[in-house]
Structure formats: structure tokens, C-alpha cells
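Chains A and B supply the protein sequences, listed in that same order.
With the numbering used here as the guide, the letters of the first sequence map in order to residues 1 to 320.
With the numbering used here as the guide, the letters of the second sequence map in order to residues 1 to 320.
Since the hints were made in silico from the structure, they are not lab data.
Since copy identity is lost for identical chains, a pair holds within one copy or between any two.
Here are the simulated EDC-like cross-link-like pairs (lysine to aspartate or glutamate), alpha carbons at most 20 Å apart as the crow flies:
(1) LYS44 x GLU252
(2) LYS36 x ASP306
(3) LYS311 x GLU280
(4) LYS74 x GLU238
(5) LYS311 x GLU33
(6) LYS36 x ASP292
(7) LYS44 x ASP292
(8) LYS36 x GLU262
(9) LYS36 x GLU307
(10) LYS36 x GLU3
Given next are the chains, with one letter for each unit.
Protein chains: 2
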Amino acid sequence: MHEELAEKVTAGSIRAAARLITLVENRDPAAREVMKSIHRAAGKAQIWGFTGPPGAGKSTLVDAVTTKLREQGKTVGIIAIDPTSPFTGGAILGDRIRMNRHSLDEGVFIRSMATRGHLGGLTRATVDAVNILDALGRDVVMIETVGVGQDEVDIVKTAHTSVVILVPTLGDDIQAMKAGILEIGDVFLINKADLDGATRTQVEIEMMLDLAPRRAAWRPPVLKTIANAGEGITETLEAIARHRDYLLSSNELGAFNRRRSEWELLGLLQEQMTHFALAEVLRPGDLDRHLDAITARQTDPFSVIDEIITKLRRGGSAAR
Amino acid sequence: MHEELAEKVTAGSIRAAARLITLVENRDPAAREVMKSIHRAAGKAQIWGFTGPPGAGKSTLVDAVTTKLREQGKTVGIIAIDPTSPFTGGAILGDRIRMNRHSLDEGVFIRSMATRGHLGGLTRATVDAVNILDALGRDVVMIETVGVGQDEVDIVKTAHTSVVILVPTLGDDIQAMKAGILEIGDVFLINKADLDGATRTQVEIEMMLDLAPRRAAWRPPVLKTIANAGEGITETLEAIARHRDYLLSSNELGAFNRRRSEWELLGLLQEQMTHFALAEVLRPGDLDRHLDAITARQTDPFSVIDEIITKLRRGGSAAR
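My request is simple: use the sequences and hints to build the entire structure.
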């Protein structure tokens, strides 16, 4: 079964890719063998991340970029990390509108993934989903995510080029915003640049970049866009292409790909080692007993972990 | 040494607590034995979480709540989760101002923790830090964090009572904001209620709460505050006290404490199992070799993990 699904994905089947993403999103063990099979087929796509605060116009911008890429004949995959509300049970409004717009175009695959679960589950599912769209043969895979949260920052860091989308703001907001967002941008956009303060915001970001210790030879450009009017989109794509050239010419792409492998392996290791401990080191009922004792403060989590590790050192699951 | 540090913390030494928090923040192994020793002394503090978007006035509000608690003779511990910018290298402005204000009061312990690292490191350090301030004997421990990120949401979920701080906004922003934030609030505050739209925002939040499937018998109140003028702070403390009464009378507190133990244990398990695999299952050089092979797409992360787990099943670290 899994070989068939893998073959369909690498042959370009959108339905197969959608199905596989559902499996990885649910952290379904059935996905593992398929992911192994498609790994070799991935590694060709350009991966771009788009992030910014709520209301910055990320969806509209990614939409405009998609339209331009389609005009150039490129195929597109989009993973929208969607803060799901239990109140609505689904995606926020912007994504729904956008999905309709490209819904008849087979060259655009859009998938929303919810920020549910914890302990990094979303991050791992997103990395897998990007690999799936890569193996599907998409020329460009875009990750779109809101926010300044650590998970979201981590996700955007897995992209070759990270685009940070801001809006014209007053001085105070920039203070708050730069924390967590400025550090990750390879390209900065001041979207909704027809609003008051766009140039001032652009200048402030430029100044902050000037003051920052330079991480690399690349100096992030700061562009003005008006995504809903299609303005600045060509320039955005040119900036991303320049960053790509920089990555290639400076050999940073190789280093980046290795960091990406490390990140992927360590995340998976964390997940699977935890599963292993819960399923094969602890006996049924052990977890409940430990939790009761910790809650009653008869023991503490650190001592319980020591016990588990000691068991593993003595012979792992054989002790069962 | 660790017994001495543990005794000092439980005897109320602020310096010892600060030192121990630094150890857990660095995930220093030396902290483990101390954390074991103080576990029994913790479990008495009320733990409150405060979250909201940048610019909502969280620091000012937590400051006003602190002043009121001090008037009541209660001791306070504050963990401020601070999105660190590599541009400034430190905390954002608001925290620095506040720290000065209470800096001469031994009854207020404020500690900023940076959102650095990934794979959940901050979350675990925060849980530990809260336990330390609890063991230190603080009556109330407050966690303050920006944002809608999953990590931040997770952190706030570890509080007995979660307070979500919003500001008067236009309709569109509420759409974007509610996702991720509304789900976690036990108490909602519309801060800066002297700004236009405060009542409208309050009504919209109330409506959204009415429409939401009720998770529990508790209906989150929605209050208006003007933190920098001290308005609404007494009402905020009353709302938190009512939520406390609800937790106690409904027996939800017991269930909550057990969930907190589970969360704490699983987070630690994830961390320590990963360390174990890297330090005791892999041989020196193994990780580099695996990463090279994954990057060259000769193998894939899933196959590498399978190899590690197989090794563990055959006898764990003994295979070394």
C-alpha cells in the first residue's frame, strides 16, 4: 500500500499528496514508510516562508505571488499554518477566500494545517508536508504562518528564503514587533504601503538592519508592497531570486540544507524516543501511577525520568 | 551542594531562586537534583497566566495587579516570557521599566526568560521556573507572555487561571485575534478601555463566548480595564478569585493539577529521551554521518530513527 501511495505522490498526484499530508498531520504511523520512499524524490523545490503579524496581509500577498508564479508557468504548493479556533472549528476567513480563487488550478496546491497539539507536533507535521509537496514536484513550496511564536519562527527557519511581512506602524509597535520577527527575515515587505507611515516604517526597519550585527554577507532588502493591488510583487520575486543567487554563490545553501536535515532528524528523534519510552519502557498503568504520585507530590517528574532511563540502560524494552 | 541550594530556595532566598532559574534556563544537569528536592515544597502557590498581543499593555496590567496584591500583603513571583531580539540582545522596553518600579520590594520577584532555543526548551524551563517560585513560597506566581504562538499558549495553559488581555479593535482584527487566543482565556480583559471601540469589542467577545461550545460550567467574564490608571484591577482580582472558587468547588483543580503533572512529565521525558539517544545510543561521529547521508538523500530521517530504536530494543546503551 505505502509503495503505491509514494509512487502516486512522486508521479504528481494531488489527491495522493493530500492524503499523505493528512496522515502526517495526524502523526499516523502509516505515513512513516511512505515518507521514507519519497525522501529521495524531494530536495528540488525552492522553499519560501512568509510570516508577519495578524492583519499584515500575508494571505493576499502569497496569493499575488502565486498568481505571478503561475504566469511564469511554475507550479506552486502552499502550506498555510492556520491558528485554528475551537470557536469556529476551522480556518480563518482569509484562507477560505483564497482557496476558492485558485481552486480550479491544478498548478496550485493549498493546504491549511492547524496549530493544534503541543510538544512540537505541528512543526514536525509541517516539515513533512513541505517535503511531500517537494516530492510532488512543485517548483516552489510556500509556508505561510502568522505570528511571533517560537514554533512559527522555527517553521519559517526551515525555508530557504524567509519573507517577513509588516504593515506601516507607529514607533511603539515596531519596538514590540521587531522582537522575534526581525531576526528571521531574508526579505522584508512593508505591505499596505498606501497607508500612512509606510516610508517611515521602511526607514526604521532599514535603520534597525543597519544597527544589527551582520549574520552573513546578505543584507535583507526592505520593499514596499500593496498586495491587493498587485504592486511590488515582481520586485518581491526579484528579491527572493537575488537571495537564492546569494545562497548558491556563497555555498550557504549546502550549509542550510544540512541544518535542515539536523532539525528534521532531531525533531523526529524527540517524537519517536518519547513514543518508545511510553510504549515499550513503561508497563501499562505505569504512567497513571507515576502521574498520581507526582500530583500527590510523593515523587517528582525528574525522579520518574531517572527511573525510566535507568531501566533503558539496563536493557531497554527487554526489561518489560 | 544541591541540598544546600534547595534548602535556601525553600527557606525563601531570592538569590538562590534566581540562581536555580538560571540553571534550569540553561538546561543545566546540575539543576535536576535541586528540582527533585524542592518538588515537595511546591504546590501551594496560585499560578496565573497573562497573555495577549504585543501592545495590549500586559506588563502594565501585571504591574498594577502586583501593586494591588502587595497592598493585600501577598508575595508575588513573575515570569515574563520575553521575545528576545538579537538586535537588542535583551528584554523589550516595558519589562525594564517595570523591574525598576518594584526593584526595592523583596516581596516581588520578577524574572524575564527569553524565547530562545527550540524543540520546547523554553516551555520546560518556564514550568521549572514557576515551580521554583512556588517552592520559594510566593503566594501568587504570574506568567506573562506575548502572543499567539503555540508555545506561548502551552505555557499559559499551565496556569490555574489564564487572563487574556485585548485592546479595543476593529472587526477584522478580532477575526484574526480570536484564533488561538480566545480558546485559552478564563478571564478576558479589554485593556486601554478609554480608547474608541472598547464596548463594541467587549460585546463582540461576549458574543463569541456565547456562540462557543461550552467547555465547562465556567463562563469567562469580559472586563474593561485601564491598567495605567489602575482602573478595573480590583475587578480583575475578583474575577480571578471567582475562577479559583469555581476550580475548588467543581473539583476541577484536582483534574487540572494532574494534567499539569502529565504535561510536565511528558515534556521532560521528551527532552531526556532525546539526550539519552544522542549521548548513549549514538556513537561519537554517528550524528554527523547520519546528517551527511540525509542531506545527500542517501537515506532519510525516518530510517535513521528506525535504526536507533532497533538498537535500543536490542539492549539500549549496552550496544555502545
